[in-house]
Amino acid sequence: MKKYLIIIKNGLMMRMARRVNFIFTFIGNLFYVVLVYFLWKAIYGNTTTTLNGMTFNQAFIYIGVASTIFILFQTYPDWYLSFKIRSGDIVMDLLKPLDVQIQVWAYSMGGSLSKLITTTLPCLIVIFGIFRASLSFGLNIPFFIISVVIAASLSYVFDFIIGITSFYTESIWGISVTKEALVLFLSGAIVPISFFPQNIQVVLRYLPFQAIYNIPLTILTSDTMGIVHYLSALLVQVGWLVVLVIISRLYYRKALGQLTINGG
Amino acid sequence: MKALAYYIKLYFLIVAQYIKIRMQYRADFIISTIGMVALNITGFLTIWVIFKSIPDLAGWSYEELLFMYGFSLLALTPMQIFFDNIWSLWIHVLDGTFIKYYFRPLNMLFYFVSEVFDIKGLNQLIIAITIIVFASIKLAIKWTFVKVALFIALFFSSSLIMISLMILAASSAFWTLNSFAVLNLVFKFKDFSRYPLTIFNSFFKFLFTFIIPIGFIAYYPLQLFLKPDQASILIFFSPIAGILLFVLAGFVWKIGVESYTGTGS
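Protein sequences, first through last, are from chains F and X. If you want our numbering, it's the position in the first sequence, counting the first as 1, plus 1. If you want our numbering, it's the position in the second sequence, counting the first as 1, plus 14.
One thing to keep in mind: the hints can contain errors.
What the hints assert, rightly or not - Taking lysine-lysine pairs in the DSBU-like style, the calculated list, with each CA pair at most 30 Å apart, reads:
(1) X:Lys34 - X:Lys16
(2) X:Lys219 - F:Lys42
(3) X:Lys268 - X:Lys23
(4) X:Lys34 - F:Lys85
(5) X:Lys202 - F:Lys180
(6) X:Lys66 - X:Lys156
Unchecked claim - Counterexamples of contact, computed for chain X against chain F with all Cβ distances above 10 Å:
(7) Phe26
(8) Pro92
(9) Phe117
(10) Leu123
(11) Tyr125
(12) Val162
(13) Pro253
(14) Ile269
The set of hints was computed from the structure by calculation and includes no laboratory data. We put the beta carbon where it would ideally sit given N, CA and C, even for glycine.
My request is simple: use the sequences and hints to build the entire structure.
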């Protein structure tokens with residue numbers, strides 16, 4: 002009987018541990034939003050002028066929500082895939098009737114949904130409720146939500162490609178960290194793209210990274226976008242999604258070939 | 015002094031062995047180094063981009079803020095290189111392997127952290143020094159003997175701040191299951207050390223001065239160094255803040271170590 006009590010106790014402790022993990026993630030994001038608030042307040046210098054076409058309010062929402070979305074997307078499918086490949090578990094997944102990439106996508110979706118409730122929504126409440134950021138509520142909201150869903154899928158596909166790459170390099174931390182640093186910086190999640198020098202801005206707008214963060218965030222904060230703009234922005238995102246999915250499938254097939262040759 | 019010499023010699027022996035093993039994972043080392051470089055460079059680029067649009071941040075110029083970024087990066091490097099194993103404390107504590115550190119006639123904290131020497135942290139050292147040199151040239155800092163001595167003393171105590179905070183965070187492994195979450199959170203605070211504390215309101219200024227003293231990693235020491243005429247009393251605590259915090263961390267570590275009874279029971 003005691004054995005079962007121990008198992009129950011362990012299960013309960015693991016549950017509580019996970020819950021506490023969520024709280025820490027939330028607190029971490031909260032501190033980051035605090036930093037964003039005060040840093041950008043100092044950048045704007047306590048005036049209500051616009052910088053690069055954005056008011057302080059818009060910049061704060063842009064970067065603050067960026068950090069929240071980042072956590073939403075941060076489901077580590079690259080690590081997940083990397084471990085599966087390394088441990089050989091991938092063989093079991095290949096035998097299942099469900100496509101591996103869709104499995105990874107579903108795994109990420111599950112992670113994102115739980116983070117939505119535990120971290121994203123509370124942080125949004127903090128940004129708009131406590132920091133009193135003001136936002137015009139109109140068509141930008143539903144389009145923003147759609148855009149975020151597409152952006153999430155983009156992020157997962159990107160991570161999937163990174164995960165496969167780690168199979169070739171036998172290193173996951175380095176690639177994952179490089180990807181994170183580059184994607185966040187080049188997508189406008191750390192500093193809005195409108196703040197970059199013009200010639201660099203042009204380059205950034207042609208990269209897929211800005212489709213993950215800049216597009217949804219601009220939809221949310223911009224007050225000059227009409228339905229046509231929203232739709233064309235979504236189209237750009239979907240376009241990148243199609244391209245990256247194709248690349249990831251080809252890459253995956255190639256890696257699989259190598260895996261079966263080596264693994265047998 | 016004999017004990018200190020002994021420990022230094024021992025450290026070199028342990029680390030040399032470790033490096034030999036790590037160098038077998040060439041690809042991993044190179045890629046991890048690239049990862050760290052990417053992180054540090056984007057930190058610098060963030061400041062560069064921001065200052066394209068503004069002349070100064072809370073009274074600090076671009077070069078001064080660069081100096082601050084470089085200095086905070088430098089102050090974080092000892093923790094990165096020498097104390098990297100602190101991240102795995104909770105793993106050893108949970109699976110019982112931590113017990114092995116009790117059986118040698120060595121200081122446990124030293125024994126534990128000496129097992130990992132983060133070679134790739136050296137790139138952070140290079141980047142940090144490069145940024146500092148660049149900024150100090152732009153700021154036309156006159157490096158007198160006094161200034162150099164002050165700089166070294168401030169660097170020493172600043173590096174102790176993050177080391178101590180991480181030891182404190184990792185020691186939570188002795189009492190909770192969520193040590194990794196604590197470590198992660200405390201590690202994030204280093205990002206706050208790159209900016210002048212004046213950007214915050216009084217609540218957070220207090221928090222980052224007296225409760226989680228990351229203000230003493232770069233802001234207060236550099237106020238002493240770059241803007242001595244704006245000195246507030248606090249900056250004179252800069253050299254000792256790190257030492258005090260380290261003593262506290264050592265104390266908490268000791269309590270944790272003594273309360274650890276291994277797994278089970």
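Checked hints:
no.: 1; hint: X:Lys34 - X:Lys16; in the structure: holds, 28 Å
no.: 2; hint: X:Lys219 - F:Lys42; in the structure: holds, 15 Å
no.: 3; hint: X:Lys268 - X:Lys23; in the structure: holds, 24 Å
no.: 4; hint: X:Lys34 - F:Lys85; in the structure: holds, 29 Å
no.: 5; hint: X:Lys202 - F:Lys180; in the structure: holds, 18 Å
no.: 6; hint: X:Lys66 - X:Lys156; in the structure: holds, 27 Å
no.: 7; hint: Phe26; in the structure: holds, 26 Å
no.: 8; hint: Pro92; in the structure: holds, 20 Å
no.: 9; hint: Phe117; in the structure: holds, 29 Å
no.: 10; hint: Leu123; in the structure: holds, 24 Å
no.: 11; hint: Tyr125; in the structure: holds, 25 Å
no.: 12; hint: Val162; in the structure: holds, 31 Å
no.: 13; hint: Pro253; in the structure: holds, 26 Å
no.: 14; hint: Ile269; in the structure: holds, 22 Å
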